[in-house]
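Engineer: Following the hints, put chain P in place on chain W, whose structure we already have.
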Amino acid sequence: MTLLEFARGPGMQWALVIFLVGVAWRLVGTFLIARRRDLSKPKGTAYVKAGARSMIMRSIPPHELEKNIQFQHLTGYAWHLGFFATLLLFGPHVPFFQQFLGFGWPTLPNIVVLVIAGFTLAILIALVVRRIIHPVMRQISTLDDWIAVFLVIIPLVTGFLSYAHIGVMGVRYETLLGLHILSIEALLVWFPFSKLMHLFFTFPSRYQIGVSMERKGVKA
Amino acid sequence: MSAVATDIQRLREELRDRGATVKTTELPPAERVARVKEVFARRLDGNMATYLETCLHCGMCAEVCHFYEATGEGKYTPIYKVEPLRRFYRRELAPMGWLRKLVMRDITPADLDEWQKLVYDACTQCARCDMICPMGIQISPMIAVMREAIAEAGMQPAENKALAKEVLEKGTLMGVGPEDYRRVAADLAAQGIVVPLDKPKARVVMLMSAMDAMLFTSAIAATAKIMNRLGLDWTFRTNAGDAAVFDWTSGDERAKAAALRKIVAETVDAGASTLIVPECGHGYAAVRWDGANVVGAELPFEVLSISEFVGREIEAGRLKVKPLPAGKSVTYHDPCKIGRWSGVFEEPRSALKALGVEIREMESHAKTNYCCGGGAGLVLNERANKLRAGAFHIKMREADATGAGSVVTACGHCRMTFIAGAQHANWQKPIESLVELVAANLA
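In order, the protein sequences belong to chains W and P. End of the first sequence sits at 226 in the working numbering; the numbers just go up one at a time, nothing left out. End of the second sequence sits at 643 in the working numbering; the numbers just go up one at a time, nothing left out.
The following block holds chain W by itself, in its conformation from the complex (with noise of 0.2 Å):
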């Protein structure tokens, strides 16, 4: 068996597997801890309202809060915007996703996509020097911080020499694409074990301060 072959066979399904079952054990485990009853008097009961408010405008800082988030704040949004439009609009990717789900979609021309993750790679490379540099994100970066940002950028560095045919050492075309199906792999399986969860977690959190601030008649 190739790397290539068994990156897109038994490589993939066991990323998958390990990717569902440890999602859904945090998702589980997380939620099934119980809350504690408040017995104050709530200011405001527009639970739903609120907390659906908060998911939204969580997006949408007011400016004095914003204007000193501003660079992590676009460059937030810049680089899930890119990696997510070159996961699954580029016309090789496409494909992949048919297989499993027997459907596919409109895709960008390549040129594009490769410019979006040009400028998605230089965003995350930038976001690793500040974590870097920057006196807050020193002190509070962990282990896991480095070990997803690495994982999300060894994607588009293997994508970019696969599509480029670029051998490094002799290296082989089918090598570099079996080496990134592999990097998304490894992505999947470091996903339910770190800070990736967020993708799963943001919006109940976001639900859940806008619950609390209704209670006591804040909008948050």
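These are calculated hints, taken from the structure and not from any lab test. None of the values given here were measured: they were computed from a predicted structure. Glycine included, C-beta positions come from ideal geometry on N, C-alpha and C. Among the clues, some could well be false.
[Unchecked claim] Quick list of the computed label-pair ranges, beta carbon to beta carbon:
#1 W:Val54 to P:Glu214: 42 to 52 Å
#2 W:Pro101 to P:Val303: 51 to 61 Å
#3 P:Glu561 to W:Arg136: 41 to 51 Å
#4 W:Phe103 to P:Val303: 43 to 53 Å
#5 W:Ala84 to P:Leu227: 45 to 55 Å
#6 P:Met304 to W:Ala84: 25 to 35 Å
[Said to hold, decoys possible] Covered stretches of chain W, as calculated for chain P (at least 3 residues, CB under 8 Å):
#7 44-56
#8 194-203
[As the list claims (entries may be wrong)] A partial selection of chain W residues facing chain P, derived with a Cβ cut-off under 8 Å:
#9 Ile39
#10 Pro68
#11 Asn74
#12 Gln105
#13 Arg178
#14 Glu180
#15 Ala226
Structural biologist: Relative to chain W, chain P alone:
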């Protein structure tokens, strides 16, 4: 130095001296860690678990924290201040804990030494960080858990220990108790202000703050004038103790619960339908949000802050005020525990509008307001002097930018911080109390 600023400095020194003489048994390091963990295990719930699972380490919370802004030091990042709680959760309670235990070290006694300073000297529990987190993480309740855990390990600042001991053993705060409240009432009566004390039954119970009794008897006089003008059936209950519930900030849960039970019992005994907390942010948040949880049942009365109450009475047309001479402009400082913690934003502004003053809002106001720097007991914490001054500088800058003639607030704790901070920075902006401004201009 103004008389009040001198008194505040005297209070700080007195508190420091009390702290130096308080007798406590130092626990062995392992026992401290065990006690901290016991509190974490008891307090962590599903909401906190979700928050702790969600944190990305993006650092945005630092950018809205006045202590980080003032110092540029990463250790003041709000989410970092709850790191031991996160560590405990992730190792011992989280679904992936069994795995993380293999790679993540446990909490150490040295951690507690470090975080004791971070949560007591470098956080006012202002909750501004709660407003920015893109993940929607509510950090301030977790700071409260950190404080409680550190207190349980006997590691809170000595001043706080002294105060908690006094509350539990004598029921007074800084030596102020029922006798002092009676003395204040007698002084006011001599000025012709009727202060009904300890009526067996009353529709409204008003709390008295030890800080007001020591520093701002003018606020007590103003409150009495307003209540009398409204013709309410009201009383001060001297045995209800101090409105500030200082132990809400000190982290000593037993002392806090004792203070709250007394307040609730006195209000119930009076058969009151309303309990009004004077200009005291901590007291209001403590009674409003923790009172029912401490006694284990919904409170049979409504809890209002005086600024909320006065604003509502003016809005309803029951309390009439005279407009002030044209040209007076003010900026309103929202006390964190009354504003961001308790949603009272509009009522104080309604009162100011009725007084005809021009309200010039600071860039950060209402739910994004900057704390004065003295909340959660920091105003009396000498170790926090430098940090507090840095935070106060940010507040001054925002207030100055409005060009308003004065700063109005509705919390004695904030007022103390402003007066002491202004003295320290030689800042000339007058600091006014909302309730005093209203009482001085009753129609």
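Engineer: Which hints from the list above does the structure break, by number from lowest to highest?
Structural biologist: The structure breaks hints 2, 3, 4, 12, 13, 14; every other hint is satisfied.
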